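Undergrad: Heads up: the sequence lines are chains H and A, in that order. So this note's numbering is basically just the index in the first sequence, starting at one, shifted up by 10. So this note's numbering is basically just the index in the second sequence, starting at one, shifted up by 10.
Hint data in this document are derived by calculation from the structure and do not stem from the laboratory. Just so you know, these numbers come straight off a predicted model, no measurement behind them. C-beta atoms are modelled at their ideal positions from N, C-alpha and C, and glycine is treated no differently. Take these hints with a grain of salt, some might be off.
Unchecked claim - From the derived model, a few chain A residues whose C-beta atoms are all more than 10 angstroms from chain H:
id, residue
1, Arg51
2, Arg61
3, Lys86
4, Asn130
5, Arg138
6, Leu256
7, Leu415
8, Asn418
9, Pro458
10, Ser469
11, Ile490
As the list claims (entries may be wrong) - The list that follows gives simulated cross-link-like pairs (lysine to any residue, SDA-like), each with its CA atoms no further than 25 angstroms apart:
id, chain 1, residue 1, chain 2, residue 2
12, A, Lys401, H, Tyr170
13, H, Lys395, A, Asp45
14, H, Lys113, A, Ser114
15, H, Lys26, A, Arg385
16, H, Lys120, A, Lys366
17, H, Lys164, A, Glu145
18, H, Lys329, A, Asn116
Unchecked claim - Some chain H residues judged to face chain A by a derived CB distance under 7 angstroms, without partners named:
id, residue
19, Tyr105
20, Lys113
21, Leu168
22, Asp218
23, Ile236
24, Gly345
25, Arg347
26, Tyr356
Number of protein chains: 2
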Amino acid sequence: MLLLNLNTSSNTPLYKQVIDQIKQLIDSELLKPGDKLPSTRVLAKQHNLNRNTICKAYEELWALGYIESSSGSYSKVRKRIINVFTEPNNKDHTYNWENIISKSSNILRKSVQKEIVRINSANKIDFRPLSPDPEILPSIEFRKCLNEILRSGKSEILLYGEAEGFYPLRTFLARHMQLHAINANINDIIITNGAQNALDMIFKLLIDPGDTIIIEKPTYSEAIPIFKYYNANIIELPVYDEGVNLNELEQVLQKHNPKFLYTMPNFQNPTGTTTNQAHRERLLSICEKYNLPIIEDGFVEEMKYFGKNILPIKSMDKKGLVFYIGTFSKVLFPGIRIGWIASNEYCTKRFSEIRKVTEISMNTINQAALELFCRNGSYEKQLKKIHTIYKKRMGVALKTLRENLYTNDFKYTKPIGGYTIWFESKDSKITENQLVKLIQQDGVLITPGSQSFYSNTNSTCFRISIAHRNEEEIETGINIVTQVLNSLNN
Amino acid sequence: MLLLNLNTSSNTPLYKQVIDQIKQLIDSELLKPGDKLPSTRVLAKQHNLNRNTICKAYEELWALGYIESSSGSYSKVRKRIINVFTEPNNKDHTYNWENIISKSSNILRKSVQKEIVRINSANKIDFRPLSPDPEILPSIEFRKCLNEILRSGKSEILLYGEAEGFYPLRTFLARHMQLHAINANINDIIITNGAQNALDMIFKLLIDPGDTIIIEKPTYSEAIPIFKYYNANIIELPVYDEGVNLNELEQVLQKHNPKFLYTMPNFQNPTGTTTNQAHRERLLSICEKYNLPIIEDGFVEEMKYFGKNILPIKSMDKKGLVFYIGTFSKVLFPGIRIGWIASNEYCTKRFSEIRKVTEISMNTINQAALELFCRNGSYEKQLKKIHTIYKKRMGVALKTLRENLYTNDFKYTKPIGGYTIWFESKDSKITENQLVKLIQQDGVLITPGSQSFYSNTNSTCFRISIAHRNEEEIETGINIVTQVLNSLNN
Numbered sequence: 011m012l013l014l015n016l017n018t019s020s021n022t023p024l025y026k027q028v029i030d031q032i033k034q035l036i037d038s039e040l041l042k043p044g045d046k047l048p049s050t051r052v053l054a055k056q057h058n059l060n061r062n063t064i065c066k067a068y069e070e071l072w073a074l075g076y077i078e079s080s081s082g083s084y085s086k087v088r089k090r091i092i093n094v095f096t097e098p099n100n101k102d103h104t105y106n107w108e109n110i111i112s113k114s115s116n117i118l119r120k121s122v123q124k125e126i127v128r129i130n131s132a133n134k135i136d137f138r139p140l141s142p143d144p145e146i147l148p149s150i151e152f153r154k155c156l157n158e159i160l161r162s163g164k165s166e167i168l169l170y171g172e173a174e175g176f177y178p179l180r181t182f183l184a185r186h187m188q189l190h191a192i193n194a195n196i197n198d199i200i201i202t203n204g205a206q207n208a209l210d211m212i213f214k215l216l217i218d219p220g221d222t223i224i225i226e227k228p229t230y231s232e233a234i235p236i237f238k239y240y241n242a243n244i245i246e247l248p249v250y251d252e253g254v255n256l257n258e259l260e261q262v263l264q265k266h267n268p269k270f271l272y273t274m275p276n277f278q279n280p281t282g283t284t285t286n287q288a289h290r291e292r293l294l295s296i297c298e299k300y301n302l303p304i305i306e307d308g309f310v311e312e313m314k315y316f317g318k319n320i321l322p323i324k325s326m327d328k329k330g331l332v333f334y335i336g337t338f339s340k341v342l343f344p345g346i347r348i349g350w351i352a353s354n355e356y357c358t359k360r361f362s363e364i365r366k367v368t369e370i371s372m373n374t375i376n377q378a379a380l381e382l383f384c385r386n387g388s389y390e391k392q393l394k395k396i397h398t399i400y401k402k403r404m405g406v407a408l409k410t411l412r413e414n415l416y417t418n419d420f421k422y423t424k425p426i427g428g429y430t431i432w433f434e435s436k437d438s439k440i441t442e443n444q445l446v447k448l449i450q451q452d453g454v455l456i457t458p459g460s461q462s463f464y465s466n467t468n469s470t471c472f473r474i475s476i477a478h479r480n481e482e483e484i485e486t487g488i489n490i491v492t493q494v495l496n497s498l499n500n
Numbered sequence: 011m012l013l014l015n016l017n018t019s020s021n022t023p024l025y026k027q028v029i030d031q032i033k034q035l036i037d038s039e040l041l042k043p044g045d046k047l048p049s050t051r052v053l054a055k056q057h058n059l060n061r062n063t064i065c066k067a068y069e070e071l072w073a074l075g076y077i078e079s080s081s082g083s084y085s086k087v088r089k090r091i092i093n094v095f096t097e098p099n100n101k102d103h104t105y106n107w108e109n110i111i112s113k114s115s116n117i118l119r120k121s122v123q124k125e126i127v128r129i130n131s132a133n134k135i136d137f138r139p140l141s142p143d144p145e146i147l148p149s150i151e152f153r154k155c156l157n158e159i160l161r162s163g164k165s166e167i168l169l170y171g172e173a174e175g176f177y178p179l180r181t182f183l184a185r186h187m188q189l190h191a192i193n194a195n196i197n198d199i200i201i202t203n204g205a206q207n208a209l210d211m212i213f214k215l216l217i218d219p220g221d222t223i224i225i226e227k228p229t230y231s232e233a234i235p236i237f238k239y240y241n242a243n244i245i246e247l248p249v250y251d252e253g254v255n256l257n258e259l260e261q262v263l264q265k266h267n268p269k270f271l272y273t274m275p276n277f278q279n280p281t282g283t284t285t286n287q288a289h290r291e292r293l294l295s296i297c298e299k300y301n302l303p304i305i306e307d308g309f310v311e312e313m314k315y316f317g318k319n320i321l322p323i324k325s326m327d328k329k330g331l332v333f334y335i336g337t338f339s340k341v342l343f344p345g346i347r348i349g350w351i352a353s354n355e356y357c358t359k360r361f362s363e364i365r366k367v368t369e370i371s372m373n374t375i376n377q378a379a380l381e382l383f384c385r386n387g388s389y390e391k392q393l394k395k396i397h398t399i400y401k402k403r404m405g406v407a408l409k410t411l412r413e414n415l416y417t418n419d420f421k422y423t424k425p426i427g428g429y430t431i432w433f434e435s436k437d438s439k440i441t442e443n444q445l446v447k448l449i450q451q452d453g454v455l456i457t458p459g460s461q462s463f464y465s466n467t468n469s470t471c472f473r474i475s476i477a478h479r480n481e482e483e484i485e486t487g488i489n490i491v492t493q494v495l496n497s498l499n500n
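When you get a sec, could you build the whole thing from the sequences and use the hints?
TA: And the structure:
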């Protein structure tokens, strides 16, 4: 019989007392591995406690690795009890990993030495996240799709899938690309673990260490570690209001022989800039002239709110030079980790070889559920829903800026879609760090612009993302930002 | 009004006639993009057809990209109609990708030139698949877990996760490792997209092109493309009944300075060989002496059927030299693509940096569902279930072999766990190709042994996996194999 010494007048809750005393009995080996514990019913009765109290304690003991339980039988003391939550021991230091790891891992290690400081975002208006608002995610519809998929009883979705991705989803995406005037068929499409993985696969396919690539300045911040990891030689083209300067591009191509150009023609991250049809056509014709592949990152293709439609570069791509990257992360939810590359049959085959090496195949369950979600119209519905919501939000953001920002010191972009607005001062008296802190003190969190630069910049910049904020918060938050910026000018 | 000319006495099914005629109307632009189609009800009535016929036709037209439909409103002709299933066009050939792709992609391309011939496995006993039998997968329990996770309404599982993987699942795995006497804490664990991805991450972490590694001969066939992709210099150690020869290992280490040794101590794939405790201890001590990291692939750690427990090498690893690879693919189901590496805190950090580059984070929904599946005891239950089933199956396989194989020409291994049995003839009169064909003619599919060799072998070998076959099929199938092998000797 297990006798515990419980104190009902203690500040420590009873279930916690039960945990502590059983832990002590096990640690001191009075209870040995394999020993049975009394049932929750019996122990509760013996100590005149509510059975739930004992259940809660047993559950916690299980979670701590002290006991094992299986339904319908007694809980037992576990064979081996080392607290999982022990402090890291020093065994790592017996081996000098730093001298062993690969060059690329070492580059990566050094480039992330600066740990990002986590800021407590409670009671702050957080303009940093660039994923859809958790409040409007279609989790119920997606759950229904997952259910239907798993109920269908097709075992294929539980086994290894095809390296190129789930065939019906590739079919959907080929058709989806066609709605954007892209002439893609199934053999041109490979599914990826989100857009990041798409970019990584393209680097794997095309880049040897030391190869040159052209990127935009500023660019997608999460792509910068990829550039470094693959040891690419980087040429940066500044992003102006109308996109990169195509004469500059041509000058670069006269001197260099890069592997590709990486560009975001829609609502560029971070600047929010969108290039027009003429720019896209000329960009493509220059790249065709120099045989330069284009990586077109269409991460929020659908989120255009104002003005007429502009076709993706890929839609005009007759030579098959363009790799179009798409993702469900920014319109559905990023947790699903599904994106795609639309390129050509030759490269899709190479991608599938790389996929086999790196993970054999992707998770099929999610791909199948997503395909159903798309097929039954939920995707289009969700797209319409968030389009309506974000169009209003972007409208409020731009209106608030127009009406309240008096300073000429800071310029901001006026995006016709997407989630981000970019602020830049060419000759600011204030450093980025100081500015971010000032705005933070007043209750608003913004993304420092320097995160989006591969090389340094002389400007002071920052990014606002309206993705996680409602209209009221956007108005309040942007008001605060404009007040800080206006005050700098005085 | 849409009038179709349907022929009820035609061999073409009515729904197919509806499809063809509407397609024709769209292709010839008599129906233009945006045009509404009649409702299924109306069209059925007009033509005196069953409404299901029209529904089926509309569905197919939607799938072919001809029409778009949204629930509760009319179907319309799609804006852009290019058949997704068009033959691949020739645009790929305008650009010479072969001269552009990276060295590693090119190596991969050349190494997979030989396309694997797909054999129709209908009416055959297929001894090739090495994943759990689809008949015994716990899809209902897993569905319940997915449901509960998505019902919980925690938006965190829909957003980006942590690069190291879902924290509670890492907690479970640390504890799980402890049950195998491995002193791992959470900081030692990173979740991976299956064991293949674990291996790939280790190569990324440790291997520069030209680095030397030691592997077993034969080895895991899917690892061979990884060796090639990372351009590693390979030293092979033959696998004998008791594992690799440790004197040979020491001789290699006196001459070379490899980055690591890759080994499968349990039920080695393909040979089924298991090393004993003494072998493991000496292996580790040699590696410690030469500071050689060990990649211990524990892909079916739990599936030991006969004899006493043997501890993983990692459990004796005081210097933190061992990378233990685990996976849910071979005991739960591979479609979930979840495995893990238990190493040390330093390397886990490096892995997480690599994860951020390659895909930011993994899918959290599956990890959360799997964690619940483990926490509520379903994993242990499933483990027990399949352990019982496969113990019997392996018993039947070995008994059938013992009682029926008379030839001395072929030796086979007697695995104490796992799914595979390995057959080898040192001087066979028959080539592998001929043997595989002979056995196939009699209705049994086996895996050619050469797939598991990095370099060539003089032996004729093949692998049998009992993973997908029930006891009856195993008995019948192995009887056929033994008859073929016995007949060779005559």
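Undergrad: Hint by hint, say whether it matches the structure.
TA: Now the hints, each set against the structure:
Look at Arg51 of chain A: its CB is around 19 angstroms from the nearest CB on chain H, clear of 10 angstroms, so calling it non-interface holds up. Every C-beta of chain H lies more than 10 angstroms from that of Arg61 of chain A, the closest at about 19 angstroms, which supports listing it as non-interface. At roughly 12 angstroms, the least C-beta separation between Lys86 of chain A and chain H is larger than 10 angstroms, which holds for a residue marked as non-interface. Non-interface call for Asn130 of chain A relative to chain H: holds, since the shortest CB-CB distance, roughly 17 angstroms, exceeds 10 angstroms.
Every CB of chain H is more than 10 angstroms from the CB of Arg138 of chain A (nearest about 12 angstroms), matching its label as outside the interface. For Leu256 of chain A, the non-interface assignment is confirmed: its Cβ lies about 21 angstroms from the closest Cβ of chain H, beyond the 10 angstroms cut-off. For Leu415 of chain A, the condition that its CB be more than 10 angstroms from all CB atoms of chain H holds, with the nearest at approximately 31 angstroms. Every CB of chain H is more than 10 angstroms from the CB of Asn418 of chain A (nearest about 37 angstroms), matching its label as outside the interface.
Separation of Pro458 of chain A from chain H is adequate, the least Cβ-Cβ distance of about 18 angstroms exceeding the 10 angstroms criterion. Even its closest Cβ contact with chain H, about 26 angstroms, leaves Ser469 of chain A beyond 10 angstroms, as expected for a residue assigned away from the interface. For Ile490 of chain A, the requirement that its beta carbon stay farther than 10 angstroms from each beta carbon of chain H is met, with the minimum near 25 angstroms. Distance restraint check for Lys401 of chain A and Tyr170 of chain H: the Cα-Cα separation of roughly 24 angstroms lies within the 25 angstroms cut-off, and the hinted pair is therefore satisfied.
Restraint check: the Cα-Cα separation between Lys395 of chain H and Asp45 of chain A comes to about 24 angstroms, which is no more than 25 angstroms; the hinted pair holds. Of the supplied pair hints, the one linking Lys113 of chain H and Ser114 of chain A holds, its CA atoms being roughly 16 angstroms apart against a limit of 25 angstroms. The hinted pair formed by Lys26 of chain H and Arg385 of chain A meets the criterion: a straight-line CA distance of about 21 angstroms does not exceed 25 angstroms. Our distance criterion of 25 angstroms between C-alpha atoms is met by Lys120 of chain H and Lys366 of chain A, whose separation comes to about 14 angstroms.
Our distance criterion of 25 angstroms between C-alpha atoms is met by Lys164 of chain H and Glu145 of chain A, whose separation comes to about 11 angstroms. A hinted pair counts as satisfied when its Cα atoms are at most 25 angstroms apart, and Lys329 of chain H with Asn116 of chain A qualifies at roughly 21 angstroms. Here the hint on Tyr105 of chain H is kept, as its CB sits about 6 angstroms from the closest CB of chain A, short of 7 angstroms. Interface hint status for Lys113 of chain H: upheld, as the beta-carbon distance to the closest one in chain A is roughly 5 angstroms, under 7 angstroms.
A least Cβ separation of about 4 angstroms between Leu168 of chain H and chain A falls short of the 7 angstroms threshold, and the interface hint therefore holds. The interface hint given for Asp218 of chain H holds, since its Cβ lies 5 angstroms from the closest Cβ of chain A, which is under the 7 angstroms cut-off. Nearest Cβ of chain A to the Cβ of Ile236 of chain H: about 5 angstroms, under the 7 angstroms cut. The hint holds. Given the 7 angstroms rule on beta carbons, the hint for Gly345 of chain H holds: about 4 angstroms separates it from the nearest Cβ of chain A.
Using the Cβ-Cβ criterion of 7 angstroms, the hint placing Arg347 of chain H at the interface with chain A is satisfied: the shortest such distance is roughly 5 angstroms. Because the beta carbon of Tyr356 of chain H sits about 5 angstroms from the nearest beta carbon in chain A, less than 7 angstroms, this interface hint is met.
In this structure, none of the earlier numbered hints is contradicted; all agree with it.
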